[in-house]
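Engineer: Here is what each chain is made of, one letter per residue.
2 protein chains.
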Amino acid sequence: MVTLSSESTPVGGSAMELFQLLRDGGPRTRAQLAKSTGLARSTIAARVDELMRMGLIMPVADAASTGGRPPSQFALNPSARVVLAADIGASHTTVAVMDLTGAILLKRSKPIAVVEGPVPVLTWLVETAEALLADVGRGIRSLVAIGIGVPGPVEHSTGQPVNPPIMPGWDRFDVPGWVQQHLEVPVLVDNDVNIMALGERTVAWPTTSHLMFVKVATGIGAGVISGGELQRGAQGVAGDIGHVQVARGSSVPCHCGNRGCLEALASGPALARALRAQGLPAENGDDVIALVKGGNIDAIQAVRQAGRDIGEVLTVCVSLMNPSVIALGGSMARVGEHLIAGVREVVYARSMPLATEHLSIVQSSAAENAAVIGAGMLAIDHALSPEAFHSLAS
Amino acid sequence: MVTLSSESTPVGGSAMELFQLLRDGGPRTRAQLAKSTGLARSTIAARVDELMRMGLIMPVADAASTGGRPPSQFALNPSARVVLAADIGASHTTVAVMDLTGAILLKRSKPIAVVEGPVPVLTWLVETAEALLADVGRGIRSLVAIGIGVPGPVEHSTGQPVNPPIMPGWDRFDVPGWVQQHLEVPVLVDNDVNIMALGERTVAWPTTSHLMFVKVATGIGAGVISGGELQRGAQGVAGDIGHVQVARGSSVPCHCGNRGCLEALASGPALARALRAQGLPAENGDDVIALVKGGNIDAIQAVRQAGRDIGEVLTVCVSLMNPSVIALGGSMARVGEHLIAGVREVVYARSMPLATEHLSIVQSSAAENAAVIGAGMLAIDHALSPEAFHSLAS
Chain E
1 MVTLSSESTP
11 VGGSAMELFQ
21 LLRDGGPRTR
31 AQLAKSTGLA
41 RSTIAARVDE
51 LMRMGLIMPV
61 ADAASTGGRP
71 PSQFALNPSA
81 RVVLAADIGA
91 SHTTVAVMDL
101 TGAILLKRSK
111 PIAVVEGPVP
121 VLTWLVETAE
131 ALLADVGRGI
141 RSLVAIGIGV
151 PGPVEHSTGQ
161 PVNPPIMPGW
171 DRFDVPGWVQ
181 QHLEVPVLVD
191 NDVNIMALGE
201 RTVAWPTTSH
211 LMFVKVATGI
221 GAGVISGGEL
231 QRGAQGVAGD
241 IGHVQVARGS
251 SVPCHCGNRG
261 CLEALASGPA
271 LARALRAQGL
281 PAENGDDVIA
291 LVKGGNIDAI
301 QAVRQAGRDI
311 GEVLTVCVSL
321 MNPSVIALGG
331 SMARVGEHLI
341 AGVREVVYAR
351 SMPLATEHLS
361 IVQSSAAENA
371 AVIGAGMLAI
381 DHALSPEAFH
391 SLAS
Chain U
1 MVTLSSESTP
11 VGGSAMELFQ
21 LLRDGGPRTR
31 AQLAKSTGLA
41 RSTIAARVDE
51 LMRMGLIMPV
61 ADAASTGGRP
71 PSQFALNPSA
81 RVVLAADIGA
91 SHTTVAVMDL
101 TGAILLKRSK
111 PIAVVEGPVP
121 VLTWLVETAE
131 ALLADVGRGI
141 RSLVAIGIGV
151 PGPVEHSTGQ
161 PVNPPIMPGW
171 DRFDVPGWVQ
181 QHLEVPVLVD
191 NDVNIMALGE
201 RTVAWPTTSH
211 LMFVKVATGI
221 GAGVISGGEL
231 QRGAQGVAGD
241 IGHVQVARGS
251 SVPCHCGNRG
261 CLEALASGPA
271 LARALRAQGL
281 PAENGDDVIA
291 LVKGGNIDAI
301 QAVRQAGRDI
311 GEVLTVCVSL
321 MNPSVIALGG
331 SMARVGEHLI
341 AGVREVVYAR
351 SMPLATEHLS
361 IVQSSAAENA
371 AVIGAGMLAI
381 DHALSPEAFH
391 SLAS
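Protein chains in written order, with my numbering: chain E, 1 to 394; chain U, 1 to 394.
Treat the hints with care, as some may be off.
Any copy will do: because identical chains look the same in the list, a pair fits if it lies in one copy or spans two.
[Stated by the list, open to error] In silico SDA-like links for lysine to any residue, alpha-carbon gap of 20 angstroms or less:
{"#": "1", "residue 1": "K110", "residue 2": "E368"}
{"#": "2", "residue 1": "K35", "residue 2": "S391"}
{"#": "3", "residue 1": "K35", "residue 2": "E387"}
{"#": "4", "residue 1": "K35", "residue 2": "A388"}
{"#": "5", "residue 1": "K293", "residue 2": "A349"}
{"#": "6", "residue 1": "K107", "residue 2": "S91"}
{"#": "7", "residue 1": "K107", "residue 2": "I300"}
Derived from the structure by calculation, the hints contain no laboratory data. Quantities reported herein were computed from a predicted structural model and do not represent experimental measurements.
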């Protein structure tokens, strides 16, 4: 009966259904699986054996077991397959091999800049990926997907960067197609701030459905998770809050062609420029951080005000999306509490009580790993999805 | 074989799978259904017969048919069941019976105010619902769900209003539980602006996944559809943009306790108050509209500026969510192009080109029916969901 039933359902149909239950990593008994799926106990038994043979799930030690009995609980086997995750940044690129829980097995970085263009960067990425797989002792057949973050807008459906301002040569470049010439698995590409939001949720807020990750660095942008899903918007530019006009800045010109943009006032370069105008030695965001860490009052005040400017924009975001977490990351977040204090000051003063009653405004916990972990989660989510189960099971 | 396979799957499993394909209303052949599901042709034939017997799907005339052959295409039968939709407004309540496509079969309104409290309002709602069902000749067994919109924040999981400012007596009132004492079907409750967004999408933008509905009336609020889903936020107050501070208004007190809120400058009462201060006869929003329709320059300028104020807040929303449609509705939207011109002026001037290249800023098409249609869609989406299929098929 079990065999017959599988003839009239899609390949792996009920096995996939079980796997979707188990993919969260939590252990379940056969009885729990039967209850959740409505499948017969005999079907459950056969499908559990099938998934065990594929190596996708594994028995889990039963704390209440009295010994000698067959395993009664099963969970996703995190080592069943691996994914690759890459974070292509303005000045550095990082590649990592991760297991199916998102744990980094091995990671490598190189100061290769995105402006070198897609072919040099992706060539290094593919070579490094192959080397990392060899180093962790996993063959290419273990690899199920690749996630890549880039510092610019990406068309989600094709994985192609679209008019990326700091990525010359990458506009409409077929990143998935190029990578797949070397590594024949699904390749997911997304904006760096989007994957940072995924990474932050994975590391620090796994049960949160409404999280904003705000990157403050050379630019300012946000990754928005709402209703449990990353929100990319109609053209894939959701979260692009760096060019919202802020109240105090109407005369400051921005590289976008407008004036008074958040990015023109509160980014690392903007803060450095403002402090230089006061005669302080600040060439870039790192110098601003050094001044703040050294206790320079002017630098501390400037960073605090930058936090208020960011808070002004985030107040609207809080009203619109009602997140439960706002995490501040990016290189300028290292400046510490002065920035976040400015953000909190304005958001809590200007928002409706119901929207901020349970709102946490925090430093990113994932910090410099946010992007690469998020890129890995993008790959894992795809690899474990119902659509991809067929190739996972093959 | 077909019979055996259904023994080892949840009740109606593969019938539900077919129904989920057909619920969009589009006609499909048995071959298309087999291809989409991976089910055997014999299974498809049996399940199609089963769904036909339940009355959930119906044969569709085949344009290419040469006559005499059995029907080859099938689609959702929109008359199979009905839903009830209710829009509880500040001053009026409307109840409608709708078919499964969202078409209104019959509708009734009464000037019963939300301040009368939950029991009088819901008593009228239930009595009217029963009368409407009788009038369209449908028994209570045809009814599969009820959607209700209320003018305040709602906790999505329980359907209970939470701290609703203009709904005395409704705080934490168990709306679904009360209604279900009389009509034993699932009851979905949501904020009025959220259901207006659903209604607007249904009527005018059925293929859009990123839409904001902005209600401008006594208050100002937004319903946000992103990634195809209504976004309610962590506390269910997403879209509550009426209390964002706008640049020109820092000295104007708002009923929320802050100053310079959008609602304190650009709502109907705010416009009336400003025009009264100029010596014009404007007691409320309707008077403002009358002045504008009569060509009063001061009123036109005030409405245009209200549009700019709203546009200032929407610019941040556009950067954050990258919608493809912003629809303006609510009683003040009837004032016409002057309001929308102000919104467009600011949003197009202040947003990044990629975010506005394909952005439509329009008057609501659903207009006064937006809320009731949206409430119906809430009910229909629930009734046709996989989770509810069992009761639909019983």
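Engineer: Does each hint hold? Answer for all of them.
Structural biologist: Quick rundown of the hints versus the structure:
Taking the closest pair of Cα atoms, K110 and E368 come within 20 angstroms of each other only inside a single copy of the chain (14 angstroms); across copies the shortest separation is 59 angstroms, beyond that limit. When the C-alpha separation of K35 and S391 is checked against a cutoff of 20 angstroms, the pair qualifies only between copies, where the shortest distance is 18 angstroms, while the shortest distance within a copy is 27 angstroms. In this assembly of identical chains, K35 and E387 lie within 20 angstroms of each other by CA distance solely across copies; the values are 15 angstroms between and 24 angstroms within a copy. Taking the shortest alpha-carbon separations for K35 and A388, only the inter-copy value of 17 angstroms comes in at or below 20 angstroms, while the best intra-copy value is 25 angstroms.
In this assembly of identical chains, the alpha carbons of K293 and A349 never lie at most 20 angstroms apart, being 27 angstroms within a copy and 39 angstroms across copies at closest. For the homomeric pair K107 and S91, the shortest alpha-carbon distance inside one copy (17 angstroms) is at most 20 angstroms, but the shortest distance between copies (62 angstroms) is not. For a Cα distance limit of 20 angstroms, the shortest separation of K107 from I300 qualifies neither inside one copy, at 35 angstroms, nor across copies, at 62 angstroms.
Going down the numbered hints, you'll see the structure goes against 5 and 7, while the others check out.
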